[in-house]
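Those sequence lines, one after another, are chains A and B.
Per my numbering, residue 1 is the first one in the first sequence, and the count goes up by one each step.
Per my numbering, residue 1 is the first one in the second sequence, and the count goes up by one each step.
Hints listed in this document are in silico derivations from the structure and should not be mistaken for laboratory results.
If you're wondering where the values come from, they're calculated on a predicted model, not measured in any experiment.
Take the hints with a grain of salt, since some may be wrong.
[What the hints assert, rightly or not] 35 Å max Cα-Cα, derived DSBU-like pairs, lysine-lysine: (1) LYS138(A) - LYS105(A); (2) LYS52(A) - LYS9(B); (3) LYS7(B) - LYS23(A); (4) LYS24(A) - LYS9(B); (5) LYS24(A) - LYS138(B); (6) LYS119(B) - LYS143(A).
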Amino acid sequence: MKLSAFNECRQTITDEDIVTAMKKIPGYLDITPSDFMEIYRVAYDHALHRLKHAITAEQIMTRQVISVPETAPLAEVVRLLADHDISGMPVIQPDRTLAGVISEKDFLSKMGGGGSPSFMHVILQCLEKTGCIAADIKKLTAKEIMSTPAVTISGTTPLFEVADIMDRHAINRVPVIDDAGRLAGIVARSDLIQTMC
Amino acid sequence: MSAFFQKMKGGSQSPPGVGFSEIAWSWLGAFLGIIPVALLHYHFFPDGDLVFLIGSFGASAVLIYGAVRSPLAQPRNLVGGHLISAVIGVAAWQLLGSAPWLAAAFAVATAIAAMHATKTLHPPGGATALIAVIGSEKIHSLGFLYVFFPVLTGVAIMLIVALVVNNLAGSRKYPEFWW
């Protein structure tokens, strides 16, 4: 998350905005617009600091995580993803330690012959070649196409760091693991957006 | 040095004015608040002292009927500011009465410091402290009774009127906080 963007936001408040607000509020406000601006600046920095440090992954993560074991056939993985209308989920070992993450990207990569192809790339291959590669993945399990090791965070990771990690790794969800490496929850981009607003 | 003079330029915008209903409620509150205080004082004090005391309560009226939202106008400040300043004013006269100019300055300055320290800053408190020093012999002879009468009685009347009148106005709410 780019802090500079927030600071620019703050600069957009003008004396005129404040005077307009003061006019709208009935009664005599015993304060000058520049006093308010000063309070606003300090309060804003304080709020930013609070958001940056006080809110942690633990507070916003989803605890009931939809996940699959490593041995799950891809058909089962896809059904779970489709039924829950999600684009990815953690893959876990029997003791609930995290093995990896499986998402649309892994399917596209496998079906597009490696790299990070888009959905349209895969369609293009389907159309130009004699058949689609989907047939090749029928017998595979989650373990064989998942991304591992997965990018993870701990419950105490601050919100802004979570956003930064998603941005840097270009991922849409990040599993939260406890001290023993077991899956504790998951934070999705949408969780972040809901918290920020 | 130039930074020092730069500060005198101001540069900030003055706050907007208030609407007609705000002006009308301020007038009504002050009118109804000062009536009982003035009646009370006309029956107890010679004219000179009356002028002084009404001066102090008139200043309070500006705040509690005219700037209802101000932290300076809240009950903690109104009551605390007047009482603390009254005690300091009487003490200043009794300790330094032989040099009234010194007692007057000491009373006001100490009242401001004490109000700040107790979070009860209320500008008319400065007048209340000053009146205890510069008032007539009748005020001086009251001693610390001055704190209760006329100060506390006047404050209590003004506060009751503020609670009733300010809350009759749809756009007003009083107090913001009690303590």
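Going down the list of hints, with the structure as the test:
no.: 1; hint: LYS138(A) - LYS105(A); result: holds (17 Å)
no.: 2; hint: LYS52(A) - LYS9(B); result: violated (38 Å)
no.: 3; hint: LYS7(B) - LYS23(A); result: holds (27 Å)
no.: 4; hint: LYS24(A) - LYS9(B); result: holds (28 Å)
no.: 5; hint: LYS24(A) - LYS138(B); result: violated (49 Å)
no.: 6; hint: LYS119(B) - LYS143(A); result: violated (66 Å)
Hint violations for this structure: numbers 2, 5, 6, all remaining hints satisfied.
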